[in-house]
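Trainee: Chains A and B, in that order, are what the protein sequence lines are.
Take the first sequence: its letters are residues 166 to 469, numbered as in my numbering.
Take the second sequence: its letters are residues 1309 to 1574, numbered as in my numbering.
Don't read these hints as lab results, they were simulated from the structure.
C-beta atoms are modelled at their ideal positions from N, C-alpha and C, and glycine is treated no differently.
Misleading hints may appear alongside valid ones.
Partial chain B-side listing against chain A, Cβ under 10 Å, derived [what the hints assert, rightly or not]:
no.	residue
1	Leu1370
2	Phe1372
3	Trp1406
4	Asn1464
5	Glu1468
6	Val1512
7	Arg1513
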Amino acid sequence: MYIYFPIAEISLNLFIVIGLGGFIGFLSGLFGVGGGFLMTPLLIFLGIPAPVAVATEANQIVASSVSGVIAHWRRKNVDFKMGTVLLLGGLVGSSLGVLLFALLEKIGQLDLVIKLSYVFFLGIIGILMLWESVRTYIRSRKTEFHSRKLHAHNWLHGLPLKMRFRRSKLYISALVPFSIAAFVGVLSAIMGVGGGFIMIPAMIYLLGMPTSVVIGTSLFQIIFVTANVTLLQSVQTQTVDFLLAGTLLFGAVIGAQIGTRFGGMLRGEQLRGMLAIIVLLVSIRIGYELISIPLDIFSSEIVK
Amino acid sequence: MSNSYRYGDYSDIKHLALISVFSFIINFLFFSSCYAQSNALVADLSKSNISINTDFNGASLLLFGSIAGKDGDDIIVVISAPPTEIITRKKSKMSGIWVNASSIKWKNAPAFYQIFSTDTLSKIATRDVLQSLAIGTQFLNLKFEKSGEFDTNNYNEWVEALNRNMKSASLWKTNENAVQVIRGALFRTEVDLPANITIGDYEVRIIHFRNGRLIAEDKTAIAVKKAGFSAIIYQLAHEYSIFYGIFAIAFAVFAGWLAAAIFRKT
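Next up, chain A with everything else stripped away, as it sits in the complex (with noise of 0.2 Å):
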């Protein structure tokens, strides 16, 4: 049964779409991320063009992250307003990054800097994840314990418009969370992802924040950073396909319900390197493509 997508105009096989969420959907559920950096670049591979597959991705983060902050502000797990500081800097970040996607696309250069910015991301972050993981794993056989300090205390503890974190046990410069959270809002609006995967490590490793607030607050920020990204890119290109956002939400919802359970079942070292090999090979993958002799060097478009 085909569908055809009115904004991204294509007729897609509705199972595969539905399907397609489900799949990202379970794994976002599995390993507790957002899945907007698989889903993006899928959605592309299908066929769809890319400022569509960016627009319409961040209309899905929306609900996703609503669906993921609810259970997260049951617990109390979202620290509200670290929330706050770094949403306002998302916001900015995200509508930067809107005009850049913009100025992008017209010359040309736009599929590349998403490409690139894939490569370069994913690539650091797999990596990363991947040690991390590997050493947590090589450490528990040795059941070695390390106490470690809360946070460590650098130069960017000297800035000014120091706040009080109470829910993140913080007192740091404001401009800290604020310029973190506009450099992956800018990310976040071009590649046509949440952010969360660059956003969790600079919370902890960066600003030094308690794991168990890490999750919800991103959650919480990543909502309204995409639903500016949602309504700037409806206003700017057009190109948020509201059938294609519903249609994927179907499934992933699903799909994030039987993740969540099967994540139950395994330990949290072996989620993270099967996560940290996923994003390398959505790296890897992309990265080939843009060393790999083309198909056709030239390519046509039809200016709508």
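Following the hints, position chain B against chain A.
Mentor: Coordinates of chain B only, in the frame set by chain A:
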């Protein structure tokens, strides 16, 4: 009196007969070709409105008609979308990565251009005849804007690339031997419109050839429109984009909340 009356009556009838014979001859001499022209080629489509709704996955339609022809006559059908802008880009390798380096914007290229014919085009008519009738993408008279390293000596390379790209997207195509003529009087061809067609009023030209010369021509049109739910979404997205964006967000928030609520209980 009665004689003269009878005479006059008789002459009137004679006059009338003469006039009518004469007018018939004049009519035949001057207007017969016109009748023949307008009656010789009549074409119609099984569907002249194509609706792109959410279940759209391409469309098939039948183009059929009659000609005042003989065995061995040829038909060429040209279906073309209204001219639009198409960008063709060329990649080159820069520090190991393939990057779009130069591009050309065609100002008046049709997003759809397909030819259906009874035979290979070169056998139906000479290149000059085809050119004068603008049959074939090589006679589209494309206008362009260039950017990047573009060499006009390579113009043909770019035109070939455009043809190749549009062909691989099934949008530009020449379907030779796709038109059947039955006893020199009826013709038919099946037209498959792919799922990636763009909206617009497509022009359909049907041209009748005999021994390489044009005998008759007819025109019709196919209106490709978005319809139903698909049209509503498209229209909202383009005309009320702020409202559309807010609605998309509201829907996502609601769907996310609903998912959380449903799966909390189970």
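Trainee: Next, verify each hint and record whether it holds.
Mentor: Here's how the hints hold up against the structure:
1. At about 21 Å, the closest approach between the beta carbon of Leu1370/B and any beta carbon in chain A exceeds 10 Å, and the interface hint on this residue is violated.
2. Given hint, Phe1372/B at the interface with chain A, is violated; its Cβ is 27 Å from that chain's nearest Cβ, farther than 10 Å.
3. A hinted interface residue such as Trp1406/B counts as satisfied when its beta carbon comes closer than 10 Å to some beta carbon of chain A; here the least separation is about 6 Å, so the hint holds.
4. Evaluation of the Asn1464/B hint against chain A yields a violated restraint, the C-beta minimum of about 12 Å exceeding 10 Å.
5. Given hint, Glu1468/B at the interface with chain A, holds; its Cβ is 9 Å from that chain's nearest Cβ, closer than 10 Å.
6. The closest approach between the C-beta of Val1512/B and any C-beta of chain A is roughly 20 Å, which is over the 10 Å cut-off, so the hint fails.
7. At about 22 Å, the closest approach between the beta carbon of Arg1513/B and any beta carbon in chain A exceeds 10 Å, and the interface hint on this residue is violated.
Checked against the numbered hints above, the structure breaks hints 1, 2, 4, 6 and 7 and satisfies the rest.
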